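Chemist: Residue numbers (the numbering used here), protein chains in the order written: chain A, 36 to 192; chain B, 2 to 728; chain C, 563 to 761.
Think of the hints as simulated: they come from the structure by calculation, not from any bench.
Note that the structure is predicted; figures quoted are calculated from it, not measured.
C-beta: ideal position from N, C-alpha, C; glycine also.
Among these hints, one or two may not hold up.
Unchecked claim - Not everything, but these chain C residues come out facing chain B in the computed CB check (under 8 Å):
1) Lys-640
2) Met-641
3) Leu-642
4) Arg-670
To be verified - Computed cross-link-like contacts, DSS-like style, restricted to lysine-lysine with a CA-CA straight-line distance of at most 30 Å:
5) B/Lys-144 to B/Lys-159
6) A/Lys-121 to B/Lys-69
7) B/Lys-711 to C/Lys-640
8) C/Lys-686 to B/Lys-604
9) A/Lys-96 to B/Lys-183
10) A/Lys-104 to B/Lys-196
11) B/Lys-367 to B/Lys-426
12) B/Lys-40 to A/Lys-114
13) C/Lys-647 to A/Lys-187
14) B/Lys-674 to A/Lys-150
15) A/Lys-114 to B/Lys-711
16) A/Lys-96 to C/Lys-647
17) A/Lys-96 to B/Lys-272
18) C/Lys-640 to A/Lys-96
19) A/Lys-150 to B/Lys-177
20) B/Lys-673 to A/Lys-121
21) B/Lys-261 to A/Lys-43
22) A/Lys-103 to B/Lys-183
23) B/Lys-225 to A/Lys-96
24) B/Lys-651 to C/Lys-640
25) B/Lys-261 to A/Lys-103
26) A/Lys-114 to B/Lys-196
27) C/Lys-686 to A/Lys-150
28) A/Lys-187 to B/Lys-183
What the hints assert, rightly or not - Simulated coverage check for chain B against chain A, where a stretch passes if three residues somewhere in it have a Cβ under 8 Å from a Cβ of chain A:
29) 49-58
30) 181-190
31) 350-356
32) 391-405
33) 633-642
34) 653-662
35) 672-686
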Amino acid sequence: MITLNINKRTYNIDADPETPLLWVLRDHVGLVGTKFGCGVAQCGACVVHLDGEAVRSCVTKLRRAQGKKVVTIEGLSEKNDHPLQKAWLELDVSQCGYCQAGQIMSAAVLLNENKNPTDQDINYAMAGNICRCGTYLRIREAIHLAAELQGKEISGK
Amino acid sequence: MLHFSALAKFGLAERGIDTAAEWHEITGYIKITPDNVIKIICPNPEFGQNVMTSLPMIIAEELDVDWKTVVVEMGPHDNTKLGPQFTGGSNSMRMYWKPLRQAGAAARNMLMQAAAQSWAVPVEEITTKAGEVYHEKSGKKGKYGDFAAKASGIPVPKDVKPKDVKAFNIVRHSQKNVEGSKIVSGKPLFGLDYKHEGMLIAMPVHPPAFGMKLKSFDASQALKMPGIKDVFTIKLYEEGFEQGGFDTRTFNVVLAVVGKTTWQVMQARKKLSVEWEPAGDTKDTMQGRGGKREVIVPSELESTEKQLEKMREYAGKPAQLLRKDGDPEAAFKNAAQIIERTYNAPFLAHNCMEPMNFFAHVTDDKALLVGPLQAPGWTEPTLSKVLKLPPDKIEIQMTRMGGGFGRRAYGHYLVEAALISKQAKAPVKLIYSREDDATYGIYRPMYTATYRAALDANKNLIAFHVKGGGIPENAVHPNRFPAGAIDNYLAEGWEIPSNITIGAFRAPRSNFAAAAEQSFLDELAEAMGKDPIDFRLDLLKRAKENPVGKNNDYDADRYAGVLKLVKEKSGWNGAEHRQFSRGVAAYFCHNSYAAHVVDMTTKDGQPYVERVFSAIDCGIVINPDAATNMVQGAVVDGIGNSLYGGLTHKDGVVAENNFHSYRIIRMHEAPKKVEVHFVQNDIDPTGLGEPPFPPVFGAVANALYRSTGKRYYQQPFSSPQPEKPTV
Amino acid sequence: MKKRLFAIIAMPVIMIAIMAFCLDTTNKKSRLITAKKDSIASVTAFKQVYTVLTSARCMNCHPSGDVPLQGDDNHLHKMLPQRGKDGRGIYAMKCANCHQPTNTPGLRMPPGNPNWHLPPADMKMVFQGRTPRQLAKQLIDPNQNGHKDTKKLIAHADDGLVLAGWNPGEGRTLPPMSHAAFKKAWLTWLNTGAYAPAK
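This is chain A alone, in the form it adopts within the complex:
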């Protein structure tokens, strides 16, 4: 039995410690926001935060997550109002939507570490997230908007 801290809640997981965190989340915990796209760390649909870092849950084992804080798209914000979520809706980014949770989770780490990312920073940060529908331009714009919204929130405007 492995205890996990996911989105500030405690879960007792009865699974092989070698199970990738992705399948623990989807099959055992029932959090299906984190998606399966490739299983080989190539597409980014499975990105979650492990102690604030954007790990690929399809290759990250359950035992690596033990004792760490796991945050999934469902727990990124209390009321689904993270600046990225707001920006994504403001600019109507999604087409099919399957990759977007992973995109947002990757972008969240970018915005944590860089309050004012350039297009180049965004390219570096997001090169690992595939969007088959081609919404990259909107994702880029939404990250810029989110940075702006985040700036306003921080300064209390």
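Starting from the structure of chain A, add chains B and C where the hints point.
Modeler: Just chains B and C now, kept in the frame of chain A:
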């Protein structure tokens, strides 16, 4: 007849709407509660083109409600009430425009009649506005919800006059994706997310190569693995089963591993001991207009090298005549100059982000299937035959799809899920891994086309010849531009049968034809000393004023319209754009017109499309911002596929089985800007999923020429180009 | 009194004797470390070392640019992860986001190590494109080799990440010789004077 799907219940509860509320159905698309909550049913399943927003918008407009009060729900499979329910062919808007306007207008009419009856006044004195009903004479007013119950009993009127298209409040105004907030908060939406009490997970094991089949297997180790319930084979079709166009399946016998969790099943698969053997020649029976016909599926384990050789061989043989105008042979004989070029493109895999999957719960007397599917109406008859259940005992619910691109029109994976559930005697979700999906087939075919043009001594274009081939079919559209604009015209086609299965891939055939043809026209323009856009406009002028032949499958004015618009918006010959290498292309397919100017630079030594200008004519644009998103996405998809996409085979085995080897365009390769312009007109809307895609390939090839001085004939353009652009 | 004088004189003598003995053993150790300077043996050994350090398993994480290399053909690592200041990647593309503490099983899955990283931006320790002479000189220069003295250089042969080169995961070729053979060549090179080849 009220209907709830399990999915819908979840959605409504989520929104804080009491699922036990009293819904009154007014036509099959609209349900209204006494509290004036307006629910609109979307008939067509969603895969990212946002029909879930735009189709309900059409109804809401004619119904005359406040869009903010509308709740949208994905409809169940019900072709009687909800129409063909086929998402594909860029046809949703086109097929549903009139019927949905009628549905909305009729419902409004029924509500007005109900109010008139309740107030005992003539219906002609009733008006509506945004979900409210008025009788101005007496000052009476009420909400739609007040009259919903009564309205639902009124017979649905026919031929109600819809609104003037210039008076739209909802349509032609950008509305946000109705599922947007669910997407960004990780709510269960997709087939892969669907859960059912007692559900088991199944994964397939299919042969490792096209042309192979199962010989034997030993599951003893796999069955010992934790969580595993069973391992068995399923057989999709019995011998002689008459397949429809969308019943394509690559492997008729497949192994299934069934267990409790996905990871457990993935691990157990690795412990299987399986022997495969060549399948030999097999036979498929296909339905056809003239009765059934048998198709031999060849046995060869194909390799790309050999396929290219075979295509070269076939290109030199006589082909099927598809169209002939004038006397092309004579024209070529008398030509002062002949330009001949050959273009090639590989198989492409759809690789939708969400791998193939479907849930099935099959018992002796009924079946429930839930998951991502483009056309339930096409798979239900097959399920009925295979499961030996009448269609009214088969319920198919469509979830949101993580991408479609044509792949999910082929319902083999529903048949597989159903057979597995039946055998396992349990509800089962069938999941494909990315490798299972990428190597399964139903690809975009491998194509080639040789174009020849004859010029006279004054560099006039006097003849045009296209001979196109492919494995297993060619991409020639004989009646498309420039047919109709050239006196002497010849189109021929040939094909090589194969056991590699193919299917519709975003703008089938067009996605290659546009690339080849638009590159060739660019070379012709250069040889003739003409500007590429003006050259095309000249040809279109001829096609309009003095067309050749009768069966020309395009409107020359509208085709010219998008070229003119893109010329204007891109500042085509402007000095300020000299820093870019510009390529242009235009195409008409799936009922809409598209033209792109691609501006290329170099980034880190690689060709980079920095910006694109797009001009589109799809008639009335229902949801402008969503339409812009579609065009931008098609442009990015086109750049990615033209530069990087491609599948190769070695002895029947697909080499590119995941994203480390099958290259998909990424963020840093996407343009900085894609500026989209729509031709403004009031023509009935046509689609947008496919039309913008094909000309991108041609525009990229043409930009590459300006950038590198070399012409690109072999897709993907990042691969080594042939020395000579001939067969 | 004579006894005390004897003790006073004897103590230092004994101490000196002990010290002499210690010095003697230290000399023996030094003889082990710098056996005998032999430029030919040293350069010969380094040529072996060079083949290992420029093989894919080592060179891929010692690139000349800021993107690691990948595969037996040393192509730029797909998705272009960037070195970053500390060599551990940046933003959502940090090495440890995909590279786990151990190899992920399967063909073309990310190889793993608890300390997966590139050299930091201020000391890139580039192997790619280095001639044997350049590399040899770089390796023994503390200002270019991660501040390693001879002792640390010797120990580096058994560093966790170095050893990982010989446990690369399915489908990746091993360096051109065993770790034991590499270590022998490495030590020989260092012990015989760490000479740089002429070119």
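Chemist: Within 30 Å, alpha carbon to alpha carbon, are A/Lys-103 and B/Lys-183?
Modeler: Measuring from Cα to Cα gives roughly 27 Å; hence the hint holds.
Chemist: Do three or more residues from the stretch 350-356 of chain B put their C-beta atoms closer than 8 Å to C-beta atoms of chain A?
Modeler: Coverage by chain A holds for the stretch 350-356 of chain B (5 residues, Cβ < 8 Å).
Chemist: Holds or violated: B/Lys-261 and A/Lys-103, Cα atoms, limit 30 Å.
Modeler: holds (27 Å)
Chemist: Need the status of pair A/Lys-96, B/Lys-183: alpha-carbon distance at most 30 Å?
Modeler: holds (28 Å)
Chemist: Measuring from the C-beta of C/Met-641 to each C-beta in chain B, is the shortest one below 8 Å?
Modeler: This interface hint holds because 7 Å falls under the 8 Å limit.
Chemist: Mind checking the CB of C/Arg-670 against every CB in chain B and telling me if the closest is under 8 Å?
Modeler: Nearest chain B Cβ about 5 Å off; hint holds.
Chemist: When you check the alpha-carbon spacing of B/Lys-144 and B/Lys-159, does it fall within 30 Å?
Modeler: holds (24 Å)
Chemist: For the pair we were handed, A/Lys-114 and B/Lys-711, check the Cα-Cα distance against 30 Å.
Modeler: This hinted pair is violated, its Cα atoms lying about 54 Å apart.
Chemist: For the pair supplied as a hint, A/Lys-150 and B/Lys-177, confirm whether the alpha-carbon distance does not exceed 30 Å.
Modeler: Holds: A/Lys-150 and B/Lys-177 sit about 27 Å apart, inside 30 Å.
Chemist: Would the pair B/Lys-261 and A/Lys-43 pass a check requiring their Cα atoms to be no farther apart than 30 Å?
Modeler: holds (27 Å)
Chemist: When you check the alpha-carbon spacing of B/Lys-673 and A/Lys-121, does it fall within 30 Å?
Modeler: The hint holds at about 22 Å.
Chemist: Go check the stretch 49-58 of chain B versus chain A for me, would you? Three or more residues, Cβ under 8 Å, otherwise it fails.
Modeler: Since three or more residues must qualify, the claim that chain A covers the stretch 49-58 of chain B holds, with 3 doing so at under 8 Å.
The structure shown violates just one earlier hint, number 15.
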